[in-house]
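Please arrange chain A on chain P, whose structure you already have, making use of the hints.
The listed protein sequences derive, respectively, from chains P and A.
So for the first sequence, my numbering puts the first residue at 1; every next one is plus one.
So for the second sequence, my numbering puts the first residue at 1; every next one is plus one.
Treat the hints loosely; a few may be bogus.
Claimed, not checked - Reference listing, derived: stretches of chain P covered by chain A, where coverage requires no fewer than 3 residues with Cβ under 8 Å from a Cβ of chain A:
id	stretch
1	69 to 79
2	93 to 106
3	166 to 173
4	178 to 187
Unchecked claim - Just a sample of chain A residues kept apart from chain P, beta carbon distances all over 12 Å, derived:
id	residue
5	His-41
6	Ala-60
7	Gly-123
8	Gly-125
9	Thr-145
10	Thr-159
11	Ala-162
12	Pro-175
13	Glu-181
14	Val-189
15	Glu-235
16	Gln-265
17	Val-297
18	Ile-330
Derived by calculation from the structure, the hints in this document are not laboratory data.
Computed from a predicted structure; not experimentally measured.
Beta carbons are placed, not taken as given, at the ideal position from N, Cα and C, and that holds for glycine.
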Amino acid sequence: MKIVVCVKFVPDIQADRRLGQDGRVVRDGGDGTLNELDENAVEAALALAEAAGDSEVVALTVGPAGAEDAVRRALQMGADRGVQVLDDALAGSDVFGTVTALAAAVRRIAADGPVDLVLTGMAALDGLTSLLPAALAAELDLPQLTLAAEVAVEDGAVRIRRELDGASETLAAPLPALVSVTDQANAPRYPNFKGIMAARKKPIQVLALADVGVDPAAVGAAGARTRIVGSSPRPPREDRVLITDDGTAGTRLAQYLAERKLV
Amino acid sequence: MTHPADGPVVVLLDHHTVDGAPRLRPPVLELLTLARGLARHTGAPVHAVALEPGLAAAAADEVGRYGVTVVHDVTVGDADRHLTPVAAEALAAVASRAGASAVLATSTFENKEAAARLGVLTGAGVVSDATGVTREDGEVVVSKTVFAGTWTTRCAITTPLAVVLVKANAVPAEPVDAPTEPRTEGHAVTVSAGARRATLTGRTERAATGRPELAEAQAVVAGGRGTNGDFSAVEELADVLGAAVGATRVATDEGWIGHEAQIGQTGVTISPQLYIGAGISGAVHHRGGMQASGTIVAVNSDPESPIFEIADFGVVGDLFDVLPQAAAEIRRLRG
Numbered sequence: 001m002k003i004v005v006c007v008k009f010v011p012d013i014q015a016d017r018r019l020g021q022d023g024r025v026v027r028d029g030g031d032g033t034l035n036e037l038d039e040n041a042v043e044a045a046l047a048l049a050e051a052a053g054d055s056e057v058v059a060l061t062v063g064p065a066g067a068e069d070a071v072r073r074a075l076q077m078g079a080d081r082g083v084q085v086l087d088d089a090l091a092g093s094d095v096f097g098t099v100t101a102l103a104a105a106v107r108r109i110a111a112d113g114p115v116d117l118v119l120t121g122m123a124a125l126d127g128l129t130s131l132l133p134a135a136l137a138a139e140l141d142l143p144q145l146t147l148a149a150e151v152a153v154e155d156g157a158v159r160i161r162r163e164l165d166g167a168s169e170t171l172a173a174p175l176p177a178l179v180s181v182t183d184q185a186n187a188p189r190y191p192n193f194k195g196i197m198a199a200r201k202k203p204i205q206v207l208a209l210a211d212v213g214v215d216p217a218a219v220g221a222a223g224a225r226t227r228i229v230g231s232s233p234r235p236p237r238e239d240r241v242l243i244t245d246d247g248t249a250g251t252r253l254a255q256y257l258a259e260r261k262l263v
Numbered sequence: 001m002t003h004p005a006d007g008p009v010v011v012l013l014d015h016h017t018v019d020g021a022p023r024l025r026p027p028v029l030e031l032l033t034l035a036r037g038l039a040r041h042t043g044a045p046v047h048a049v050a051l052e053p054g055l056a057a058a059a060a061d062e063v064g065r066y067g068v069t070v071v072h073d074v075t076v077g078d079a080d081r082h083l084t085p086v087a088a089e090a091l092a093a094v095a096s097r098a099g100a101s102a103v104l105a106t107s108t109f110e111n112k113e114a115a116a117r118l119g120v121l122t123g124a125g126v127v128s129d130a131t132g133v134t135r136e137d138g139e140v141v142v143s144k145t146v147f148a149g150t151w152t153t154r155c156a157i158t159t160p161l162a163v164v165l166v167k168a169n170a171v172p173a174e175p176v177d178a179p180t181e182p183r184t185e186g187h188a189v190t191v192s193a194g195a196r197r198a199t200l201t202g203r204t205e206r207a208a209t210g211r212p213e214l215a216e217a218q219a220v221v222a223g224g225r226g227t228n229g230d231f232s233a234v235e236e237l238a239d240v241l242g243a244a245v246g247a248t249r250v251a252t253d254e255g256w257i258g259h260e261a262q263i264g265q266t267g268v269t270i271s272p273q274l275y276i277g278a279g280i281s282g283a284v285h286h287r288g289g290m291q292a293s294g295t296i297v298a299v300n301s302d303p304e305s306p307i308f309e310i311a312d313f314g315v316v317g318d319l320f321d322v323l324p325q326a327a328a329e330i331r332r333l334r335g
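For reference, chain A alone in the conformation it holds in the complex:
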């Protein structure tokens, strides 16, 4: 098993289910764009990996528009593909057979687990929460922000195989000028007993909300204690902006909105182009989950709120006045 520098850059395809069929998640297109930039340094091809049955066929045209030449369609026998140890062994098998130079995946909790195990299985260096990846002096170099977005670090991966987990919204997705027609390669992977010792005894997928996913949205409107449980103004502005709805720990603990909406160091970490916080004071745990956002807007009635220290545009005022007025003005500007 070798991993030459001009070996394929392999991208794990994340999906969600729409009308019963697997569809690519939007951040995958950003990943494919980054992968192409990384591959260009060594003239390497970009490959994709599909672990979900039917995904390779469903996604072939779309990944072709992003320059993918091979889609690896992996089956794992009677093992459960939802278990991250199983996914890790499937990825290790593909990386080995393809002689990959790098494996890229989105920085979700599941992919972090699979990547960590892939590192143990293959000896690959792993960097998570990346915002950029390139090759310098032959080495894969990854940018990431740490300490709640207050520092940027650049880190070289010194192993022949590099595993990089990339945050959503790291780069804009850009298709290629001349789409490719990817070839599909099937792989039947035999999963070890060790990867199957924990078993999935139940799995319930959450119904889609109709709004973008919080982790991957380009705009997020979030509500906190100041909403007093009334998210209508937050939701109205979110829908005008095509934004996802988020919340603070207080709001989710109060049951005003589901726990999956919690932004913070232990909830969802976001870095959208636009973050609007309404009735949010900006406690350190919340800031840790959103401080890397592009433009930060805060609306709060308390001028002493710490969120104003990091806001690009702060309004001291009542969110129930400011948000509906902003939504109305945005509608008017759009005509």
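Next comes chain P alone, as it looks inside the complex:
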């Protein structure tokens, strides 16, 4: 089985995240990391590959220099090789530009052997839009099985279970298919020393847009369907109150809420 797992390099959520004057996420590298939710996708890919035997896991990213750190982390966990689409024209891509580049790279990877499964995380912890998996499935015309809390592959078909706001669902589709997994799906393995050493020898293929047949005008700021017109940090909360309970804190809380017409 050949599995492509999509990974994203994001600012560390523990760090001070900010937007630059152009309204884009500041990605200055130092505090970047593999999107934590993509670790669940890598883990699912590795577990499915191990269960199937004779499989290959390819970690794919679209992103600037530095983003190969996300791929490297996936290789340390156990992915076999990496692919990075790297091109100055990608700067400022919206989700559809990213999807165009990812889909082209998946087709390129499939050119030397069909891809059975494309895996993604449920969201990126920087944008949290969750739009990418469904858009990528549509772009690749693959069956879409998203937000999997459980995933299994058997007899050429993939089955998932997912928990939505008001319902629990099970879905099935023949391979090839696209699956996104949640953080409930598994516990990602931590790379061990052997994995970290082995990853140094694993190849990361760098592809430009021309290598995957994407018109630069279709991606990046040029192809984006949205444009940031302004951004600002939220003003700090004012008039904050912190009290220690002296036996009346509950009453004072109720009065605070009543004064603000919140009860």
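Relative to the frame of chain P, chain A by itself:
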């Protein structure tokens, strides 16, 4: 297929089932209010789309009170309307036939999937988790918060059709002065084979709790590790406030409450007018799911808890003392 700026603003009707009949979810009324404000810039009408059988008829009076002129009642043949690729094709068909300028839906996981595919199908720009939408210099401009509510961005959609997913509690729902009598237009949509390749093999709808839905509640009381599994004080205060009950990842992982109650970046993201966290330290994943709330109250016995850094009203104390006393005082104030 054209999407003129004065084309209808089309709102997807979300529903839940009450006593066997489809009913609108409360955030839809907020959406209709926002849609009316957006439509006013170009003199466009507001339309609604119903994908659930029976919903168009059941909701006609209510959406009329919010100024809707046309309800598109869509059937998808033997395709499964619960599959988001199917919903996306249904929305694309309605947006095309109506010549829509914008499609608005609530920012749920299912609607995000449908919107993403609608973007691929139609070339529309899509913005999710919006807190406001307006038109400036001819373009649809969307406000949203990012990085766990710590930044606000404004973003223009540059395509003729704009797709916007709006968070619950973005605006108060306001009916129109003179209700309309919406006309119903039926659409039989033929869904592509590609949208039907994944099949729904099982679906179990969760029973309603009697409390508001966490994602759309105007007030939320949440419990964490400090409850030690006893949610009675949290539930009592929630019921006095008419609030939804939420929880941290620790509390749901321990099985103290169902996973659907988890607030956080990977659970439910909330922005109620009032959030009360009890026995919650405020780990970054939890904060990411609630930091955009209006007023934040925290009750925790540990004064070093990071949640106090973002609380408007913090109490260092035992939640089992503070919450029942607050509930009693609220009852007393109401007489």
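Hints versus structure:
1. Coverage of the stretch 69 to 79 of chain P by chain A is violated [criterion: at least 3 residues with CB-CB distance below 8 Å; count 0].
2. Requiring three or more residues with a Cβ within less than 8 Å of a Cβ of chain A, the coverage given for the stretch 93 to 106 of chain P holds, as 4 such residues are present.
3. Given a C-beta distance limit of less than 8 Å, the hint that chain A covers the stretch 166 to 173 of chain P holds, as 8 residues qualify and 3 suffice.
4. Remark: the stretch 178 to 187 of chain P is confirmed as covered by chain A, as 3 of its residues place a Cβ nearer than 8 Å to a Cβ of that chain, reaching the required three.
5. With a least beta-carbon separation of about 16 Å from chain P, His-41 (chain A) lies farther than 12 Å from that chain, consistent with its non-interface assignment.
6. Once the 12 Å rule is applied to beta carbons, Ala-60 (chain A) is consistent with being away from chain P; the minimum gap is 23 Å.
7. Its closest Cβ contact with chain P, about 7 Å, brings Gly-123 (chain A) to no more than 12 Å, contrary to its assignment away from the interface.
8. The beta carbon of Gly-125 (chain A) is not kept farther than 12 Å from every beta carbon of chain P, the shortest such distance being approximately 3 Å.
9. The claim that Thr-145 (chain A) is not at the interface with chain P is violated, since a C-beta of that chain comes within 12 Å of its own (minimum 7 Å).
10. Chain P draws Thr-159 (chain A) into its interface by the beta-carbon criterion, the shortest separation being 5 Å against a cut-off of 12 Å.
11. Non-interface call for Ala-162 (chain A) relative to chain P: violated, since the shortest CB-CB distance, roughly 9 Å, does not exceed 12 Å.
12. With a least CB separation of 21 Å from chain P, Pro-175 (chain A) remains clear of the 12 Å interface cut-off, as annotated.
13. At roughly 30 Å, the least C-beta separation between Glu-181 (chain A) and chain P is larger than 12 Å, which holds for a residue marked as non-interface.
14. No beta-carbon of chain P is positioned within 12 Å of the beta-carbon of Val-189 (chain A); the least distance is around 16 Å.
15. With a least CB separation of 16 Å from chain P, Glu-235 (chain A) remains clear of the 12 Å interface cut-off, as annotated.
16. At the 12 Å boundary, the C-beta of Gln-265 (chain A) falls inside the reach of chain P, the nearest C-beta of that chain being 6 Å off.
17. Its beta-carbon lying about 7 Å from the closest one in chain P, Val-297 (chain A) breaks the requirement of being farther than 12 Å from that chain.
18. With a least beta-carbon separation of about 5 Å from chain P, Ile-330 (chain A) fails to lie farther than 12 Å from that chain, contradicting its non-interface assignment.
Hint check: violations occur at hints 1, 7, 8, 9, 10, 11, 16, 17 and 18; the rest are consistent with the structure.
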